[in-house]
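Engineer: Top to bottom, those sequences are chains L and P.
Residue 56 in our numbering is what sits at position 56 of the first sequence, and the numbering runs on without skipping anything.
Residue 199 in our numbering is what sits at position 199 of the second sequence, and the numbering runs on without skipping anything.
Treat the hints with caution; some may be incorrect.
[To be verified] Label-pair restraints from in silico Cβ distances:
(1) P:Phe-29 x L:Glu-103: 36 to 42 Å
(2) L:Asp-98 x P:Gly-189: 43 to 49 Å
(3) P:Arg-185 x L:Leu-135: 20 to 26 Å
(4) P:Glu-145 x L:Thr-55: 39 to 45 Å
(5) P:Ala-7 x L:Leu-18: 38 to 44 Å
(6) P:Lys-73 x L:Ala-3: 30 to 36 Å
(7) P:Leu-15 x L:Thr-55: 39 to 45 Å
(8) L:Asp-98 x P:Pro-136: 41 to 47 Å
(9) L:Ser-20 x P:Asp-106: 44 to 50 Å
(10) P:Glu-190 x L:Thr-182: 45 to 51 Å
(11) P:Cys-192 x L:Phe-29: 30 to 36 Å
[To be verified] Just so you have them, the derived chain P footprint on chain L, three or more residues with Cβ under 8 Å:
(12) 25-35
(13) 41-48
(14) 88-96
No lab work stands behind these hints: they were computed from the structure.
Fair warning: this is a prediction, and the values are worked out from it, not measured in the lab.
All C-beta atoms, glycine included, are put in the ideal place defined by N, C-alpha and C.
Chain residues, written in single-letter form:
Protein chains: 2
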Amino acid sequence: MGAVTAATPWKQLLLSALESNSRLKHSTFFQLATVGSDGRPSNRTVVFRGFEENTGKIQINTDYRTRKIDELKQCPFAEICWYFTDSWEQFRINGRVDIIDGEHPDPLKLQLREKSWFASSTKSRLQYLGPNPGLPCLTEQPSLEFFVDPSSGPVASFCLLVFYPEQVDYLNLRSNQRMSFTLRRGVNGEDCWNSERINP
Amino acid sequence: MGAVTAATPWKQLLLSALESNSRLKHSTFFQLATVGSDGRPSNRTVVFRGFEENTGKIQINTDYRTRKIDELKQCPFAEICWYFTDSWEQFRINGRVDIIDGEHPDPLKLQLREKSWFASSTKSRLQYLGPNPGLPCLTEQPSLEFFVDPSSGPVASFCLLVFYPEQVDYLNLRSNQRMSFTLRRGVNGEDCWNSERINP
Numbered sequence: 001m002g003a004v005t006a007a008t009p010w011k012q013l014l015l016s017a018l019e020s021n022s023r024l025k026h027s028t029f030f031q032l033a034t035v036g037s038d039g040r041p042s043n044r045t046v047v048f049r050g051f052e053e054n055t056g057k058i059q060i061n062t063d064y065r066t067r068k069i070d071e072l073k074q075c076p077f078a079e080i081c082w083y084f085t086d087s088w089e090q091f092r093i094n095g096r097v098d099i100i101d102g103e104h105p106d107p108l109k110l111q112l113r114e115k116s117w118f119a120s121s122t123k124s125r126l127q128y129l130g131p132n133p134g135l136p137c138l139t140e141q142p143s144l145e146f147f148v149d150p151s152s153g154p155v156a157s158f159c160l161l162v163f164y165p166e167q168v169d170y171l172n173l174r175s176n177q178r179m180s181f182t183l184r185r186g187v188n189g190e191d192c193w194n195s196e197r198i199n200p
Numbered sequence: 001m002g003a004v005t006a007a008t009p010w011k012q013l014l015l016s017a018l019e020s021n022s023r024l025k026h027s028t029f030f031q032l033a034t035v036g037s038d039g040r041p042s043n044r045t046v047v048f049r050g051f052e053e054n055t056g057k058i059q060i061n062t063d064y065r066t067r068k069i070d071e072l073k074q075c076p077f078a079e080i081c082w083y084f085t086d087s088w089e090q091f092r093i094n095g096r097v098d099i100i101d102g103e104h105p106d107p108l109k110l111q112l113r114e115k116s117w118f119a120s121s122t123k124s125r126l127q128y129l130g131p132n133p134g135l136p137c138l139t140e141q142p143s144l145e146f147f148v149d150p151s152s153g154p155v156a157s158f159c160l161l162v163f164y165p166e167q168v169d170y171l172n173l174r175s176n177q178r179m180s181f182t183l184r185r186g187v188n189g190e191d192c193w194n195s196e197r198i199n200p
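Let the sequences and hints guide you as you build the complete structure.
Structural biologist: Take a look at the structure:
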């Protein structure tokens with residue numbers, strides 16, 4: 001029934017969905033669920049910032065001061081729910097998340113963070129200079145005008161999340177087909193994906 | 001800074017968002033996060049089936065055989081993330097979920113379940129007769145043609161979830177305003193909502 005493959009079989013499905021929904025700005029938005037410190041689930045919309053080169057790892061930018069950082073430090077697991085409104089496809093992607101802030105010891109990861117900073121618009125970068133997200137608004141005045149030098153590197157609050165998929169549940173509501181993809185460690189230590197058709 | 005009110009202040013915001021996005025079929029879809037038995041988060045798209053009459057309780061239909069039922073039995077908390085693609089508004093709603101299946105002891109709850117069954121299309125009702133969702137597909141044949149008598153009551157696998165909001169985080173990406181609403185027990189035991197502007 002199932003098939004085993006070394007490549008990332010669900011990635012092509014996801015790239016096709018991105019392509020066929022590309023006219024919609026929100027097609028790069030998905031919902032990221034984490035577990036809060038109180039053991040309750042937490043869920044918010046975030047923006048897809050591309051795959052880490054030649055892999056199935058999903059990149060997300062976030063502010064280090066948001067609650068999801070504390071949550072991921074306590075429980076590094078997350079589930080993406082990505083619904084494509086034009087093609088009626090849903091991807092549920094379960095996996096582990098790596099937090100890459102400016103203090104990360106790995107210089108290669110710091111490079112990824114820098115790359116993601118420069119890949120985002122200057123308007124996006126400005127958000128990281130605003131007041132602490134989620135805290136009470138202390139002023140009724142419009143927020144101060146901040147300025148970001150376009151050539152300056154990432155600010156301290158800028159954080160890259162790298163999501164490592166381990167399980168993907170794909171549902172096509174038009175064809176009513178559903179597939180499950182599970183990451184397995186191969187006999188030679190390499191990553192293999194097991195895929196299986198499941199009931200919708 | 002905060003304001004206290006006995007009504008459900010976020011409900012009007014949600015009704016307005018539903019109204020201004022009503023041309024989009026997917027405006028009634030949202031993502032429901034739960035916590036899995038392995039402690040990992042779980043996240044899927046579900047359909048809004050209306051409020052329980054004159055309350056802020058949110059109704060969702062689901063198949064009793066899906067994994068979310070087991071998850072909610074172990075941890076009854078969930079977070080809705082509802083992003084409105086046309087008006088750029090996000091509601092994150094945290095709360096507790098009641099599972100109402102055909103064995104529920106409360107006759108009033110069973111009535112709600114029956115009402116929700118008859119409110120859904122006969123096509124939706126057919127889904128509950130299909131093979132066990134999420135289990136391997138045992139046949140390559142197209143699924144058998146099922147038939148539902150339109151006047152028959154809910155089948156055993158049909159389940160109503162009633163979501164009790166306790167905390168709502170509202171974000172408007174156009175105006176860049178964010179509000180937090182928190183349920184408090186008033187001095188006379190009645191429900192009160194505390195609302196506060198927070199940083200986006």
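Engineer: For each hint, tell me whether it holds in the structure or not.
Structural biologist: Comparing the hints with the structure gives:
1. P:Phe-29 x L:Glu-103: 36 to 42 Å: Cβ of Phe-29 (chain P) to Cβ of Glu-103 (chain L): about 39 Å, so the range 36 to 42 Å holds.
2. L:Asp-98 x P:Gly-189: 43 to 49 Å: holds, 46 Å
3. P:Arg-185 x L:Leu-135: 20 to 26 Å: For Leu-135 (chain L) against Arg-185 (chain P), whose Cβ atoms are near 24 Å apart, the range 20 to 26 Å holds.
4. P:Glu-145 x L:Thr-55: 39 to 45 Å: holds, 43 Å
5. P:Ala-7 x L:Leu-18: 38 to 44 Å: holds, 42 Å
6. P:Lys-73 x L:Ala-3: 30 to 36 Å: For Lys-73 (chain P) and Ala-3 (chain L) the Cβ distance comes to about 33 Å; the hint holds.
7. P:Leu-15 x L:Thr-55: 39 to 45 Å: holds, 43 Å
8. L:Asp-98 x P:Pro-136: 41 to 47 Å: violated, 32 Å
9. L:Ser-20 x P:Asp-106: 44 to 50 Å: 46 Å Cβ-Cβ, so the 44 to 50 Å window holds.
10. P:Glu-190 x L:Thr-182: 45 to 51 Å: For Glu-190 (chain P) and Thr-182 (chain L) the Cβ distance comes to about 49 Å; the hint holds.
11. P:Cys-192 x L:Phe-29: 30 to 36 Å: For Cys-192 (chain P) and Phe-29 (chain L) the Cβ distance comes to about 33 Å; the hint holds.
12. 25-35: Since 7 is at least three, the answer is holds.
13. 41-48: holds (count 5)
14. 88-96: Three-residue rule met by the stretch 88-96 of chain L, so holds; n is 3.
In this structure, the one hint that does not hold is number 8.
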